[in-house]
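Q: Go by the hints and put chain B onto chain A.
Each protein sequence line maps, in turn, to chains A and B.
Read in order, the letters of the first sequence are residues 14 to 282 in the working numbering.
Read in order, the letters of the second sequence are residues 26 to 398 in the working numbering.
Hints in this document: simulated from the structure, not taken from any laboratory.
Everything numeric in this text was worked out from a predicted model, so none of it was measured.
Incorrect hints may have been included.
[As the list claims (entries may be wrong)] Some chain B residues near chain A, calculated using beta-carbon distances under 8 Å:
id	residue
1	87
2	92
3	95
4	98
5	112
6	113
7	117
8	125
9	209
10	213
11	361
[To be verified] Residues of chain A clear of chain B, computed beta-carbon distances all greater than 10 Å:
id	residue
12	66
13	238
14	243
Just so you know, even glycine gets a beta-carbon here, dropped at the ideal spot from N, CA and C.
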Amino acid sequence: MSLIIKPPNPEIVINVQNLRTQFGRSTIHNHLNLKISRGEILSIVGGSGTGKTVLLRQMLRLEQPTQGSITIFGVDINQATSEQIAYFRSRSGMLFQQGALYSALSVFDNVAQPMRELRVLPESLIKDAVYMKLDMAGIAPEHAAKMPSSLSGGMVKRVALARALALEPDVLFLDEPTAGLDPSASESFVSLILALHAELGFTVVMVTHDLDTLVALSSRIAVLADKQVITVGTIDEVIQYQHPFIQEFFLGARGRRALTVLDKNDYGK
Amino acid sequence: MFNTETPALTETQANSITVSGCWQVHAFSDGKVLRDISRTLSQLAQRDNLQWNLSQIGAFDHIGAQILWNSWGKKKPAQLILLPAQEGFFRRLELANQLAVPKPAKSRLTTVMQLGSVMLNFFSHLLAFTELLGQLILDLLTVIRHPGRAPWKEISANIFQMGFRALGITALVGILIGVVLSYLSAQQLRTFGGDIYIVNILGMSIIRELGPMLAAILVAGRSGSSITAQLGVMRVTEELDAMLVMGIPHGLRLIFPKVIALAIAMPLIVIWTDAMALIGGMMSANVILDMSPRFFIQKLPEVVAMANYYIGLGKGVIFGAAIGLVACHFGLLIKPNTESLGQGTTTSVVSAITVVIILDAVFAIVFSRVGYF
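Extracted from the complex, chain A is given alone in its bound form:
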């Protein structure tokens, strides 16, 4: 009966079918299909300009595909009723690349914003919940009164993660979660996401360029190339696939370095 123990047969949370995206004359996606199961951490990789971020934005309903459907929680989000969309909005969280914290609000108010937006929770409850969320994201309570402009890059990401998790979403979208962080900060951010994933059991859809993050976090990887998802699978399966982009991305010098780490301490999946 409990929802935290996920059912053994993976349920499809997001289903992208036959997606086509066009900007003017250039086609970005054509016949793109992708299924994302409950509880997994799926990374989307691809060369620049292959429309990774566009795909993510389409899943969030920030952009409309030209053709095809995106189904989230069994509902086509481009034909959903406003009630279904409101539900979807409260059950999904997004971590933007630059954090996108509201610069006019303090750290506390940024995290409290999604809870206050429901307009039913009492302020005393919100206060407790915000401090707990900040604690989960590794932000000590004394930073709560600070403004986003006085935070370091790593702290901004942590606060943004706390805000994305404020309503405990089922799906968490991450756009380049470790871009702009130094290696140790990105390392600790990756382990933070892993720990929270283990604790809260949400589904993660992530776009990243960073091989270390990719190897450390993803349970499956979807490779975008030739306007499609050419292959989806664990990192070992993806490397087997014969495609020039994969050869270059994973088996180039940088890729091999990241993969040696994987072999050594086996902290990927």
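A: Showing chain B alone in chain A's frame:
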């Protein structure tokens, strides 16, 4: 996926409470559900020795857990039945209890001290503004000595942007004000049979006072705000810092061209606004007083001394430079966040208009004996 089971509390046996339903935050998004639950919870909080059974809860999250936790007085009740999967939530809540939440620091300033800080703030603005003015004069001297270093392209672009582009709106407002003024004065003058004095009234008021004033207020609203916002965004995107790093001084490349362009464009806009307002007044005089435009134009130089025209032009130069300086001053003070940007732009426009009116009063006093026959 819609988990619509409403959260519920039922007393299944004496002193045993079964919690059931979906205890996730979206289940409470209907305000009534949360009100009912919290009322029941506060009633239950009065009673001791309750057994809580959470094993019937369908879906749970930290906010749902927090609602129960707070009603228990932030500690686990003595008798609690939990699913293994729910233990994590309460472990988190127990940890959160130990967080030292800082108390918001109270402002220790008394009313007098607050007044003082407002005054100090005002003086710091004054100081920064004086520095800006000094820098502008130094830049002006540099440009006079080395004309090749002047940012001519920026100046001309700014004149086009803030001067030429403002012609439409100033013409419209000028004509309308001319019409209004002419109608109002004509009504009064006709009762005294002094129709002919409409030329004096319109000529003096528009050329000496209203033309420069209208132009200044419109330009302050139009260009002042855009200058402040532009500098503010450059602060947000670190472009201002990038310029400093490359050794490009803000004064000469950003502020100087804007202030000079406004000082050049404003008197031209003043002439334009004067002309439009007079045309508007002249046409209305033709309609209501049957005064021919030819007579109006012939009469104008006889009743309005040329000095008034020069005063109007001088006002244009000074007002333009003042608007530019005030806008730049507030633009450079903007901090890198959205609220400061909005506030800075508002303050900039309000201050620019206030400064223009103060300068206008100074002009009125200094030239009180000039320009009358």
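Q: A closest beta-carbon separation below 8 Å is what the hint needs, so does residue 361 of chain B meet it against chain A?
A: holds (5 Å)
Q: Using 8 Å as the Cβ threshold, decide whether residue 213 of chain B counts as touching chain A.
A: violated (51 Å)
Q: Can the hint on residue 95 of chain B be confirmed by a CB-to-CB distance to chain A that is less than 8 Å?
A: holds (6 Å)
Q: May I ask you to check that residue 238 of chain A keeps its beta-carbon over 10 Å from the closest beta-carbon of chain B?
A: holds (31 Å)
Q: Checking the smallest CB distance to chain B, is residue 243 of chain A really beyond 10 Å?
A: holds (29 Å)
Q: Hold the hint about residue 98 of chain B up to the distance rule: shortest CB distance to chain A must be less than 8 Å.
A: violated (13 Å)
Q: With a cut-off of 8 Å on the beta carbons, see whether residue 92 of chain B makes it to chain A.
A: Holds, because the Cβ-Cβ distance from residue 92 of chain B to chain A comes to roughly 7 Å (cut-off 8 Å).
Q: Given residue 87 of chain B as an interface hint, is the shortest Cβ-Cβ distance to chain A below 8 Å?
A: At about 6 Å, which falls below the 8 Å cut-off, the nearest Cβ of chain A leaves the hint on residue 87 of chain B intact, so it holds.
Q: Quick check on residue 117 of chain B please, does its C-beta sit within 8 Å of some C-beta on chain A?
A: holds (6 Å)
Q: Report holds or violated for the interface hint on residue 125 of chain B, using the least CB-CB distance to chain A and a cut-off of 8 Å.
A: Given a least distance of 6 Å, the restraint on residue 125 of chain B holds.
Q: Have a go at the residue 113 of chain B hint: is there a Cβ in chain A nearer than 8 Å to its own Cβ?
A: Holds - the Cβ of residue 113 of chain B comes within 8 Å of chain A, reaching about 6 Å at its closest.
Q: Non-interface claim for residue 66 of chain A: all C-beta distances to chain B beyond 10 Å?
A: Given a closest Cβ separation of 20 Å, the condition holds.
Comparing the model with each numbered hint stated earlier shows that hints 4, 5, 9, 10 do not hold.
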